[in-house]
Amino acid sequence: MVPGMAESTAKNIKLEARRRAREELAKANAERVRRDRANVEDVAIWTVAVNKVATVDAWEAERLAAVREQVRAEAARRRAGDRAHGSAAIARMQGRGETLATIAKLAGVGVGVIRTWSRYPPTTKTPTTKDGSDALGAEPEGGAVSDPTADVRGDGAASASATATT
Amino acid sequence: MTAAWYRDQVRIEAARRRAAARAQGSAAIARMLGRGETLETIAKLTGVGIGALRLMVVHTVHQEAPR
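Note that the protein sequences, when read in sequence, are chains V and P. Residue numbers for the first sequence follow my numbering, so the first one is 150 and each next one is one higher. Residue numbers for the second sequence follow my numbering, so the first one is 3 and each next one is one higher.
Some hints here could point you the wrong way.
[To be verified] Here are the simulated lysine-lysine pairs, DSSO-like style, with alpha carbons at most 27 Å apart:
hint, chain 1, residue 1, chain 2, residue 2
1, P, K46, V, K176
2, V, K201, P, K46
3, V, K160, V, K176
4, V, K163, V, K176
The set of hints was computed from the structure by calculation and includes no laboratory data.
Based on the provided sequences and hints, a complete structural model is requested.
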């Protein structure tokens, strides 16, 4: 073999090796960039999911508080109704000339209790055995029904489809 | 419908939403694992402890198992 030819071959091998190394490095870099981009996207998705869980916790607490508040309001309304009926009964007895002491004796309670009840604002409505509904949120007089889980059905479908896609 | 019914509905819906969000988060972690990332790397990327991540993945796997 001619010495100059051997030198040229070695040079070509070196160039080819460099080219191949550069190509492999570029490929590896591109792959790394692709993976990093995908990871950034998935970290964002994960962060949103974690925040969603926290949001649901807050939503649940808020809704449960709304239910509790409705129960309290309904209980207060019912208590006021019952007190009004009791007060009206006392007023009727007083109207017939009975004293608070006599009414207390008849009812078998202290005069103080009758006096307290007589101070509640009376109602003109005749008392019934079953007045009002047991249903929470059912307010037929107002027409509007307040439902603490009203938005449950609203965005439920969206959440369901989100689950299906994962 | 009673207050207890509403309370149960709220809790059921909250559990459903939480499960959906956890499934999304878990799927994102699973994809990263599929790309060859380790839980350690993912923990660094997300900025949370490796234990919390593992718990999230395990939790979702357990939830989805009966399906």
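| Does K163 (chain V) pair with K176 (chain V) here, judged by a C-alpha cut-off of 27 Å? | 20 Å, holds
| request: With a cut-off of 27 Å on the C-alpha distance, tell me whether K201 (chain V) and K46 (chain P) pass. | output: This hinted pair holds, its Cα atoms lying about 21 Å apart.
| Quick one, are K160 (chain V) and K176 (chain V) close enough, alpha carbons at most 27 Å? | Holds - the C-alpha atoms of K176 (chain V) and K160 (chain V) are around 24 Å apart, at most 27 Å.
| query | Is it true that the CA of K46 (chain P) sits at most 27 Å from the CA of K176 (chain V)? | reply | Given pair K46 (chain P), K176 (chain V) holds - Cα atoms ~25 Å apart, limit 27 Å.
When the structure is compared with the earlier hints, no violation turns up for any of them.
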